[in-house]
Amino acid sequence: MTEPVIVAKGLTKSYGDVTAVDDLSLEISAGEIYALLGLNGAGKTTTIRMLLGMVRPTSGSVTVLGAAVRPGAHAMWSRVGYLVETPAAYPELTVVENLMVAARLRGLRGHRQVDDVITRLRLTRYARNRAGTLSLGNAQRLGLAKALLHQPDLLILDEPANGLDPAGVAEIRSLLVELSLQGVTVVLSSHILTEVARLATRVGVIDQGRLVREIASNHLAEHVRQRLSVSVRDHAAASKALSAAGFHAIRTDGDQILLTDFRAVAEPEHVVTVLVAAGCPPYRLVVEEDDLETFFLRVVGA
Amino acid sequence: MIDALMTEFLKARRSRVPWVTVLAFTVVSLVGGLFMFILQDQGRARSLGLIGTKAALVGGEADWPTYLSFLAQTTAVGGMIVFGLVEIWVFGREFSQRTAKDLLALPTSRVAIVTAKFAVVALWCLVLSVQLLVLGLVIGTALGLPGWSTGTVLTGLLQIGAVAVMTVLLTTPVAFAASAGRGYLPGVGVLIAAVFCAQIIAALGYGQYFPWSVPALFSGLAGPGQPSPGALGFALVALVGAAGAAGTALWWRSADHDR
Numbered sequence: 001m002t003e004p005v006i007v008a009k010g011l012t013k014s015y016g017d018v019t020a021v022d023d024l025s026l027e028i029s030a031g032e033i034y035a036l037l038g039l040n041g042a043g044k045t046t047t048i049r050m051l052l053g054m055v056r057p058t059s060g061s062v063t064v065l066g067a068a069v070r071p072g073a074h075a076m077w078s079r080v081g082y083l084v085e086t087p088a089a090y091p092e093l094t095v096v097e098n099l100m101v102a103a104r105l106r107g108l109r110g111h112r113q114v115d116d117v118i119t120r121l122r123l124t125r126y127a128r129n130r131a132g133t134l135s136l137g138n139a140q141r142l143g144l145a146k147a148l149l150h151q152p153d154l155l156i157l158d159e160p161a162n163g164l165d166p167a168g169v170a171e172i173r174s175l176l177v178e179l180s181l182q183g184v185t186v187v188l189s190s191h192i193l194t195e196v197a198r199l200a201t202r203v204g205v206i207d208q209g210r211l212v213r214e215i216a217s218n219h220l221a222e223h224v225r226q227r228l229s230v231s232v233r234d235h236a237a238a239s240k241a242l243s244a245a246g247f248h249a250i251r252t253d254g255d256q257i258l259l260t261d262f263r264a265v266a267e268p269e270h271v272v273t274v275l276v277a278a279g280c281p282p283y284r285l286v287v288e289e290d291d292l293e294t295f296f297l298r299v300v301g302a
Numbered sequence: 001m002i003d004a005l006m007t008e009f010l011k012a013r014r015s016r017v018p019w020v021t022v023l024a025f026t027v028v029s030l031v032g033g034l035f036m037f038i039l040q041d042q043g044r045a046r047s048l049g050l051i052g053t054k055a056a057l058v059g060g061e062a063d064w065p066t067y068l069s070f071l072a073q074t075t076a077v078g079g080m081i082v083f084g085l086v087e088i089w090v091f092g093r094e095f096s097q098r099t100a101k102d103l104l105a106l107p108t109s110r111v112a113i114v115t116a117k118f119a120v121v122a123l124w125c126l127v128l129s130v131q132l133l134v135l136g137l138v139i140g141t142a143l144g145l146p147g148w149s150t151g152t153v154l155t156g157l158l159q160i161g162a163v164a165v166m167t168v169l170l171t172t173p174v175a176f177a178a179s180a181g182r183g184y185l186p187g188v189g190v191l192i193a194a195v196f197c198a199q200i201i202a203a204l205g206y207g208q209y210f211p212w213s214v215p216a217l218f219s220g221l222a223g224p225g226q227p228s229p230g231a232l233g234f235a236l237v238a239l240v241g242a243a244g245a246a247g248t249a250l251w252w253r254s255a256d257h258d259r
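Protein chains in written order, with my numbering: chain A, 1 to 302; chain B, 1 to 259.
Pulled out of the complex, with its shape left as it was, chain B reads as follows (with noise of 0.2 Å):
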């Protein structure tokens, strides 16, 4: 197991791929902290070009709950799609560069790599996730945003973490399918039918029932009407997540690699 986390490791440290992740989510926190920065003072940044004469931005106060809110939501949607593409280049890659055969007759057991490239992926994912707290926190304090409460901040920041470790589970049938269709569109039409679908879903009121769903209704992105996901809605996450594992594990060690 180890062997395979390590090679796992090489594979990712090598390519370029974390590093544009890494550039997503640091845009990520730069749009969130130029919307503060807008929300500030609006007759500023108009005359500073940010925005248009007539424009206007509603939708919160310019404060650390509202900033924290917004990465949290930001995670939900962006974290799903770039989250879910790491899971597609993570897999998805041993098909597109015919390298799966490599990894099937070995001492270590296939479902020992499909286990490492999981941990791989979420261990990226906390990276990220890391990242776009500090980052968030640097650019919050550099902008002087009001409402600092330990208790405020203690809450965004674990928000933000359980969205994001939700939203890691729910890319575990990206992987799946990545596997299953032995390359990256498979798994790109997958990821982007359930954020389509979460979206659809979660404005009909049904969100609570569809897991893709439930990381938007539990940051606050559907608004203040919507339900809350409740055990049931954190319940299906766990299980999309173990399922879109388990599944991949199953396809790995018993599926007909004939390509």
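Only chain A is shown next, with the shape it has when bound in the complex (with noise of 0.2 Å):
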């Protein structure tokens, strides 16, 4: 069995009465895309700066790729990339200078790894273009790039998609996917939660500071409540007539009655006959479910 890429145990930090991440313990393997979801103020930036070693625990200890994340210790950042919070860059440096300037500070020489990640990242119009002088999703892109310049083994990504439009989002996303399957392994925090469903193989919920709650996005739909959703002409009838066969329903506004029973869900056609049955048959039948903001606000209380 390969060591996990980070290893975080008891994670603790405190600002005076303040507890900004609370016994937080991780266990990333290499190759995943772990997603930390959280309201703002829920400790996810500070977690990924611990991480980083950017922030000391008050408490618990971290382990990157194999070592001990501490001051002074700096050897491992050189497997690793990352992005926290907002991009930033120097305003006067052009994305070419600005991208020498940490493959510099990262080893890197030549131009290749430049190049490469400009062209990546789709920065090639504005290459020589200053930074001061790039629209929001450029400058995340930028962010990206730096990130991405030595070809790391693992990402750790502060909400990846700030900024860009659609198309960018979906592009980041491919991007990532693409990295996670030739092994580099990804942490990344996102309030868009359909990106992180859509992302993530693994996904902790952190609120408050805590880490309430872990789940594998292949058992993501076990965690997800289900609902039939019934519309009917006649709702007092279909009412009565789902009550009286045994099931639980709940009235809505307008038309629609919402079964919430494992049978219901599992088996719609019964429901189709009971209703036929009583002569009011249904017009719109459908299976809904949580989406992950839903699912997320039930998980953490909100």
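Don't read these hints as lab results, they were simulated from the structure. Predicted model only: the values in this text are computed from it and were never measured. Note that CB positions come from ideal geometry on N, CA and C, so glycine has one too. Hints should not be assumed to be uniformly reliable.
Reference listing, derived: stretches of chain A covered by chain B, where coverage requires no fewer than 3 residues with Cβ under 8 Å from a Cβ of chain B [unchecked claim]:
| id | region |
| --- | --- |
| 1 | 50-61 |
| 2 | 76-86 |
| 3 | 236-249 |
| 4 | 270-284 |
Chain A residues, not near chain B, derived (Cβ > 12 Å throughout) [to be verified]:
| id | residue |
| --- | --- |
| 5 | E27 |
| 6 | A30 |
| 7 | R120 |
| 8 | I156 |
| 9 | V177 |
| 10 | L259 |
| 11 | R263 |
| 12 | D290 |
Take the two lone chains and join them into the complex the hints point to.
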């Protein structure tokens, strides 16, 4: 079994009486796309900064790529790319020069990596532009380019889709999936819940500094509540017939009735049979499920 | 370390700030020359409208020792401000432009990056001091100032060099303030406080015990009646320089970078 790429044990960060991160433990394996999901102020960025050694935990420990994260330890960062919060660049330097600065500080020589990442992030048109003139979306691309420049084994990205248009979001999603398939481990935080659902292989829900739930994406469906939505013309008759047949019917506004019984979701044809027999056939029948947002708010109790 | 140095040079070279400091030191040289021109013949200066009809400048002869002393004194006070602003810009910009976070998790150590920044500041200030010396020699020669001797000029130049070195050392706490305060303003605040206190404490006669007063005392700015800084004064300057640099490096290495 391969060694985990990130191991965080009992991470806690307190600022006076305020606990930003509370006893958080994580273990992330190679090739995973792990998403930290949380409301604003939940502790995502503080967690990411502790993983990157920017903030010292009040207690607990972090190991990245087998090396303990502590002040003065810097060898492991040659294999890590990161983007924390809003992207930043030296405004008077061009895109190429900003990348050359990042490349130099990572010990890279020559222009090859810089040219490659500019092409990969579609920054070629802006390569000679000063970074201060870039749009928010292109500044985000430059931030991602700096993170990807040295072909890292681990990418830690805080809100990577910030400022990108829908096409850019899809492009970055494809890029991250491609990197993951190549064995790159990706840790990201995002408030774009649909993105997390599409991208992550595992989701960690963080609330008030605590990791309240971890779910593998392929098990996400098990945690998502389903219900049968039935639309009928005669609401009262339909409800009466369904109750008589043993279904738990919840009336909503308009013509809609929601059935949350497992039996109704699993065998909607029985519901149809009951309603037809009662003389109020449905004109619409849909199995609905929680979206990730509903799921998230339910998990954190917001 | 070389990589960190190269990147700091690139960042400085592509900015307008070095040119602003070059301009400031050019103005200092020219102002010194203007004073010498006026002192050479105040009647001529009055007829040219450089000074008012009733005004008269006192405080020296128009000769090489006076001119070089003026440049040394200007380096002590003006240098503190200009070198301090260089220090504030080199360190504070990383926080004001939010680029500091990109320097924190790299194979190049944070201490190497801080050392490279101090090296660039030192070289930058050295270039400004050399510019002051060269311009001073050109302007003094153009004015035909009397009192030239190799010994006099060498002493004057060494005094300017020593004042410049001391002034650069005294700006390292400003780098710490710009780093720990995460921006330009805390550095500017510390710089203003240091310059203000240096004037007051020197005027009270205790300048030799306050490091930021030492370059001015050494350059003779405080007047002939003031005590010499002495070994203690010079040692305090070196101590402040080392403490400021070490404190800045330690802060970058160990502080919580949560903004």
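Hint by hint, here is what the structure shows:
{"no.": "1", "hint": "50-61", "verdict": "holds (count 5)"}
{"no.": "2", "hint": "76-86", "verdict": "holds (count 7)"}
{"no.": "3", "hint": "236-249", "verdict": "violated (count 0)"}
{"no.": "4", "hint": "270-284", "verdict": "violated (count 0)"}
{"no.": "5", "hint": "E27", "verdict": "20 Å, holds"}
{"no.": "6", "hint": "A30", "verdict": "19 Å, holds"}
{"no.": "7", "hint": "R120", "verdict": "19 Å, holds"}
{"no.": "8", "hint": "I156", "verdict": "8 Å, violated"}
{"no.": "9", "hint": "V177", "verdict": "24 Å, holds"}
{"no.": "10", "hint": "L259", "verdict": "49 Å, holds"}
{"no.": "11", "hint": "R263", "verdict": "52 Å, holds"}
{"no.": "12", "hint": "D290", "verdict": "34 Å, holds"}
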